[in-house]
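*Asks:* So the chains spell out like this:
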Amino acid sequence: MRRLRALWMRLGGFLRKPQGDSDFEAELASHLAMHIEDGIRAGLTPEDARRQALIRLGGAEQTRQAYRERRGLPWLETLVHDLAYSLRRLAKHPAMTAIAVLSIGLGLGANATIFSMVSRFVLRPAPVGDPSTLLSVQRRGETALSWPLYNDLREQVKSFSGVAGYYPLVPASIAGRGEPERVYGQAVSINFFDAAELRMTHGRGFANSEENQPVVVLGAGLWHRRFHDDPAMVGKTVTLSGHMFTVVGVAPAGFHGIDPILDAQFWVPLGSADRLVPSLPRGPDRNQGWLFVVGRLRPGATPTQAAVELNALAERLARSYPNTDKDKPFIFVHSGLLPREAQNGLLIFLTALSVVALLVLAIAGANVANLLFAQASGRQREMAVRLALGATHGRLQRQMLVESVLLGLGGGVLGVLLSLWATQTLSAIQLPVQFPVDMRIGVDWRVLLFSFGLSILSGLLLGVAPAWAAARPLLGSALKGEDALARPGRRWTLRNLLTVAQIAMSVILLSMTGLFLRSLQTAASIDIGFRPQDLLSMSVDPRVHGYTPERTVEFLNQLRERVAALPGAVSAACTDYPPLSMASNRAPFHFGGGPNSGKNDPVTNLIMVTPGYFETLGIERVAGRDFGGETASGAKIAVVNRAFVKRVFGDENPIGQQVTGGGVTYQIVGVAGNVKTQTLGEDLTPVLYRSLQQNIGARPSLLGYTLVVHTAGHPAAMSEAVRRQIYGLDRSMAVFNQETMEEHVYSAFFLPRLAAMLFGVFGGIGLVLATVGLYGVMSYAVSRRTREIGIRMAMGAQPGTVERLVLRQGLVLTLIAMVLGWPAAWMLSKLAASFLYGIHPHDALTFAVVPPFLAVIALVACWIPARRAASVEPMMALRTE
Amino acid sequence: MSDKADVWQGTLALMVLKTLESMGPQHGYGIARRIEQTSGDRLQLNYGTLYPALLKLEQEGFIRSRWSVSENNRRAKFYDLTKAGQRQVKKATAEWEETTAILARFLAPAEEA
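Just so you know, the protein sequences line up as chains F and W, in that order.
Counted from 1, the first sequence has number 327 at position 327 by the working numbering; the numbering is strictly sequential.
Counted from 1, the second sequence has number 74 at position 74 by the working numbering; the numbering is strictly sequential.
Derived from the structure by calculation, the hints contain no laboratory data.
Wrong hints could be hidden among the right ones.
Said to hold, decoys possible - What follows is a set of in silico ranges between Cβ atoms, one per label pair, in the way DEER data are often shown: (1) K92/F - D80/W: 44 to 52 Å; (2) W96/W - V413/F: 51 to 59 Å; (3) L460/F - D41/W: 51 to 59 Å.
To be verified - Some chain W residues flagged as far from chain F (calculated, every beta-carbon gap over 10 Å): (4) L14; (5) M23; (6) G24; (7) T99.
Glycine included, each C-beta is placed from N, C-alpha and C at the ideal position.
Could you put together the complete structure from these sequences and hints?
*Replies:* Below, the structure is given as structure tokens:
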């Protein structure tokens, strides 16, 4: 307490300095006067009395100094002095300050942006009460669990106080004012909100009795958008896909489900979800995993205890159900993280980006360090004078470090501003997925803390070498006016090393950039298997409006006919999974009609289509016929793609043969070309197209049904006419995912484009910084050697010789840097290749082009100083200094 | 000079407080003289060190100061104990007595070993 008070008073003393000075001056004067008076009274002469008094005081100036030090905070005072001095100096050199702040700002901005992704996807806990004890339980290779397994977990794992399950995406159309809208929610067990420990902003979560009741909890976003934040909504009913649901609560803003990226907007109990999604199998089938499971640790239970219990349960299950549960250990991750495999992929991606961003920062830092060196050599006489006057090395170094930390902080501020802009830009990117995700990133407190720490650290790091060197000029040389930072006989200065490091890092950065640009180029030339031009697509989901399968088929057929008859339409077809849709319905297939034979059956994507689908999308038809004429109850027919034929039949003719998958036998009537069904990056996958009419009762797609229209003119121009046809058939039908196929394909290029953009920007920044750095070093070298060059020329050296001399020095640095950087780039590219499509890690073109390209840049950077050197006038040079 | 003891580190504050307790408000020079007198002139006080010590005590809130007029009609800064200062005198005295008592036991000739 007392110490704190004293510190506070001293801080006060530090701020009210002049007043305190005069006060103590008066006290000291009064002390001396009294002492002298006493001395005179004791018989001394006034002079002797005064002398005595001063001796006993121990010197007036010393006393003042001791008093001053006690009154204020000496270290704070020197810091403030250093700060003020540094700010003055930086303001005096605005160009240098601006370049330094800009360099560090770019580097830090890149890092802050990448870190905002790390913060969002790796560090941010789930938006639930106490995220640390909520675990999401999965099995190896399975993120979703079956209903019986969920019940096993609930009943047998005692470390959990609650085990909740949820089905992550339930589509529904919500009616009300305006056009009907398609929204996505989740079907959850009734203990979901209890396990999540989530407090509703209005109303409540689900009660135990509401397992099968039509009740709903609204997300804050949906509540705001469609119901204008009306608290009286609790207790009212809303219509979801034609069914009445009673609102019991409103979830807090920011809660979009436990998943980190899905954007769920309402929650209904699992038991009432079959009104919205048929076929959530709550039966004894252990094969069908569809439920995501989270467990809340009992107070006092540790994750280790839970792991032990889960292992024991997995062993019991393996014994009881060897067919389905053998070799399926449980794994768990903290809720709010992506599933294990996705998380690993994301981590690799973010690590690569962080490495690149740190490289950019390192290059920028080396640049600024070089700049500070140049500054320091301009200040050596000042330093020498200050040292000669008695300043300590430490004091000089501290002042220079304060200066570089100030530059770092300035860069940090700029960097945060840049990352604010960058995160906004990145958040605005449309993702190539057809269900709602929330991947927005932003600058949160973790990013701010990270940026602050990194800017202080980079300020210290880039300042430490120049400060050390500058505070130790060779006094003799400095006072003589010679370069006092250049140690005699040392050819490899720190600046040269910095430049070499910079160029080496640029080699790495540019190679990576080159690889990613090449990957984009490769991606652009991928054969997607269909014609994206002149196609309009939009989706409807009649089933969520209460349509039976038969009525759904009827609706889609009528819609196709009406749209195809529109002027400007060439043809129209429907499917449940349009190409490049990221989603799939898969099953292993085998030849013939019997049950599954073994594990080698090729996993096949199942896609429902209507007649005319292949013509409409311009998919090649290789053999056989199209759909058409089949009846709903007749033998099921299928068209397979080339990859399927190759895997199942080899060279045999597949037409007329039977194949079986997912418990259904199909007769093959035709063969179609290969199409990228899910992503650009996928390998050729076997695909089996089946008749929409014959299979509409099967497990439905989350994407609804997509109508694809081949138009004669610009496809977007027809969208209103097509919409009108849909509303003409059913006024309340929600239409979603409306886009032209070219837009759809464009968004599928998302990942390569994003990566190429990030790496391109980073590579460009790095290149510019390294070039400036090399130029700076060479200019400095020339200015230092002016006299030497003058002597050489006076002795008869030709301008061309001098030019070559300087160029050679620069190119030697470049060459060394490349020898160092090239192998590192070679190794890093392997890492990059592991997660992006179409990258050949050792792409010859990239690795052949980058070094000469960089050499040319380096040549230009050296050439300007070289020209300056060659134009040195010998007599002028000899007279300088 | 050398036959006079210097003031030990840390004891000056207690001497100042004790002096103020017995004398009431006093200026810096008065305190210094009084300390020397009390010690029977066995202590040689460097007056310059007294003022930072007074400042420290004031910053810690044990004493307060105000400008006033001395008995010789001279303007001087007078120091006075605060409530906290009075408590501190008792506390520090007790601690000091404890310390010296312990030390005395060590230094006393061993009678009953």
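*Asks:* Each hint needs a verdict: does it hold in this structure or not?
*Replies:* We went through each hint and held it up to the structure:
1. K92/F - D80/W: 44 to 52 Å: holds (51 Å)
2. W96/W - V413/F: 51 to 59 Å: The hinted range 51 to 59 Å holds for W96/W and V413/F, with Cβ atoms some 54 Å apart.
3. L460/F - D41/W: 51 to 59 Å: With a Cβ separation near 56 Å, L460/F and D41/W satisfy 51 to 59 Å, so the hint holds.
4. L14: About 15 Å separates L14/W from the closest Cβ of chain F, which puts it past 10 Å; holds.
5. M23: Holds: least Cβ distance 15 Å, greater than 10 Å.
6. G24: Its Cβ never comes within 10 Å of chain F, the nearest being 18 Å, so this holds.
7. T99: holds (20 Å)
No hint from the list above goes unmet by this structure.
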